[in-house]
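On the provided structure of chain A, position chain B as indicated by the hints.
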Amino acid sequence: AQSVSQHNHHVILSEAASLELGCNYSYGGTVNLFWYVQYPGQHLQLLLKYFSGDPLVKGIKGFEAEFIKSKFSFNLRKPSVQWSDTAEYFCAVNAMDRDDKIIFGKGTRLHILP
Amino acid sequence: DSGVTQTPKHLITATGQRVTLRCSPRSGDLSVYWYQQSLDQGLQFLIQYYNGEERAKGNILERFSAQQFPDLHSELNLSSLELGDSALYFCASSPTGRLDTQYFGPGTRLTVL
Chain A
1 AQSVSQHNHH VILSEAASLE LGCNYSYGGT VNLFWYVQYP GQHLQLLLKY
51 FSGDPLVKGI KGFEAEFIKS KFSFNLRKPS VQWSDTAEYF CAVNAMDRDD
101 KIIFGKGTRL HILP
Chain B
115 DSGVTQTPKH LITATGQRVT LRCSPRSGDL SVYWYQQSLD QGLQFLIQYY
165 NGEERAKGNI LERFSAQQFP DLHSELNLSS LELGDSALYF CASSPTGRLD
215 TQYFGPGTRL TVL
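Just so you know, the protein sequences line up as chains A and B, in that order. The opening position of the first sequence corresponds to residue 1 in this note's numbering, with each subsequent residue numbered one higher. The opening position of the second sequence corresponds to residue 115 in this note's numbering, with each subsequent residue numbered one higher.
The shape of chain A in the complex, shown without the other chains (with noise of 0.2 Å):
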């Protein structure tokens, strides 16, 4: 069964400190790439995706993700961070030749301290 994984559960870092969230997925076929954030009492919204082409993605904000297939990984990184950065981030996974289903992790909560 496909699986998505978000080793870090909480990160806390200092403002302009440099970020790394971790995202493995199990399933060795074509895969669409998302992550999600959460801002505190908001909805989730996209941040960035990857479907083909250039690995490295940028979204929103500063943000960044790079496809790594040998790695099944999807690590998302920003060079700065900001107190607004404050948030839960999630990565998901669709297997595109599966099926239309998919997979969240279970989400990083980012704390950014001023």
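It should be emphasised that the hints constitute simulated quantities derived from the structure, not laboratory data. Any given hint might turn out to be false.
Between beta-carbon pairs, the in silico distance windows are [as the list claims (entries may be wrong)]:
| # | chain 1 | residue 1 | chain 2 | residue 2 | range |
| --- | --- | --- | --- | --- | --- |
| 1 | A | K106 | B | R212 | 20 to 30 Å |
| 2 | A | G41 | B | T215 | 29 to 39 Å |
| 3 | A | Q45 | B | N165 | 16 to 26 Å |
| 4 | B | G130 | A | G22 | 25 to 35 Å |
| 5 | A | Q42 | B | L227 | 24 to 34 Å |
| 6 | B | L227 | A | M96 | 39 to 49 Å |
| 7 | B | R212 | A | P55 | 18 to 28 Å |
Below, in silico cross-link-like pairs of lysine to any residue (SDA-like), each with a Cα-Cα straight-line distance of 20 Å or less [what the hints assert, rightly or not]:
| # | chain 1 | residue 1 | chain 2 | residue 2 |
| --- | --- | --- | --- | --- |
| 8 | A | K49 | A | A16 |
| 9 | A | K58 | A | L48 |
| 10 | B | K123 | A | H43 |
| 11 | A | K101 | B | E167 |
| 12 | A | K106 | A | Q45 |
| 13 | A | K106 | B | L202 |
| 14 | B | K123 | A | Q38 |
| 15 | A | K106 | B | E167 |
| 16 | A | K58 | B | T215 |
| 17 | A | K101 | B | Q151 |
Here are a few chain B residues that face chain A, going by a calculated C-beta distance under 10 Å [to be verified]:
| # | residue |
| --- | --- |
| 18 | S116 |
| 19 | Y147 |
| 20 | Q162 |
| 21 | F178 |
| 22 | S179 |
| 23 | T215 |
| 24 | P220 |
| 25 | G221 |
These figures come from a predicted structure and were not determined experimentally. Don't be surprised by glycine CBs; every beta carbon is placed ideally from N, CA and C.
Chain B in isolation, oriented as in the chain A frame:
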């Protein structure tokens, strides 16, 4: 504001009861997805409807059912409620039947006492 609306925002009910959650997708979106978010299970995909037809099924219990109406709004029916059904239920919509960017609603928080 994603353009997806969900009602009610909060729902408190007792075990054994039945509730209906409502979702209106963004204008023009044909697909509606339902998710359950709980502390222990995380965000779980329940079911997807596309243009009125069931398209994909996830971890949806038999006590739960959903439908999408001709005007494309959707309802999630939860019956014989148990304490463990307490969760945040999200609806999302997307333009087509193929999985692409989903636009999430604000969610309905269900508390079963």
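Evaluated hints:
A hinted range of 20 to 30 Å holds for the C-beta pair A:K106 and B:R212, which are about 25 Å apart. Taking 29 to 39 Å as the suggested C-beta distance range, the pair A:G41 and B:T215 does not conform, at roughly 22 Å. For the pair A:Q45 and B:N165, the supplied restraint of 16 to 26 Å holds, since their beta-carbon distance comes to about 24 Å. A hinted range of 25 to 35 Å for the beta carbons of B:G130 and A:G22 is inconsistent with their spacing of about 42 Å.
Separation of A:Q42 from B:L227 is about 27 Å and conforms to the stated range, judged on CB atoms against 24 to 34 Å. A C-beta distance of roughly 42 Å is found between B:L227 and A:M96, which places it inside the suggested range of 39 to 49 Å. Range check, B:R212 to A:P55: Cβ separation about 21 Å, and the 18 to 28 Å hint holds. Annotation: proposed proximity of A:K49 to A:A16 is violated, straight-line Cα distance about 24 Å (limit 20 Å).
About 7 Å separates the Cα atoms of A:K58 and A:L48, which keeps this hinted pair within 20 Å; it holds. Note on B:K123 and A:H43: the hinted pairing holds, with a Cα-Cα distance of about 12 Å set against a maximum of 20 Å. Distance check on the hinted pair: A:K101 and B:E167 sit about 15 Å apart at the alpha-carbon level, within 20 Å; holds. Using a Cα cut-off of 20 Å, the hinted pair A:K106 and A:Q45 holds, with the two alpha carbons roughly 16 Å apart.
In summary, the hint linking A:K106 to B:L202 is supported, as the alpha carbons are separated by about 14 Å, within the 20 Å threshold. In summary, the hint linking B:K123 to A:Q38 is supported, as the alpha carbons are separated by about 17 Å, within the 20 Å threshold. The straight-line distance between the Cα atoms of A:K106 and B:E167 is roughly 29 Å, outside the 20 Å bound, and the hint therefore fails. Distance check on the hinted pair: A:K58 and B:T215 sit about 15 Å apart at the alpha-carbon level, within 20 Å; holds.
With a CA separation close to 16 Å, the supplied pair A:K101 and B:Q151 stays within the 20 Å bound. At its closest, the beta carbon of B:S116 sits 6 Å from a beta carbon of chain A; the interface hint therefore holds under the 10 Å criterion. A cut of 10 Å between beta carbons decides the hint on B:Y147: the least distance to chain A is about 8 Å, and the hint holds. Below 10 Å, beta-carbon pairs count as interface contacts, and B:Q162 has one with chain A at about 6 Å; its hint therefore holds.
A least Cβ separation of about 16 Å between B:F178 and chain A goes past the 10 Å threshold, and the interface hint is therefore violated. The beta carbon of B:S179 comes no nearer than 18 Å to any beta carbon in chain A, farther than 10 Å, and the hint placing it at the interface is violated. Nearest Cβ of chain A to the Cβ of B:T215: about 5 Å, under the 10 Å cut. The hint holds. For B:P220, the interface hint holds, since its Cβ comes within 10 Å of a Cβ in chain A; the closest pair sits about 5 Å apart.
Interface restraint check: B:G221 against chain A, minimum CB-CB distance 7 Å, threshold 10 Å, status holds.
The structure is inconsistent with the numbered hints 2, 4, 8, 15, 21 and 22, although it conforms to all the rest.
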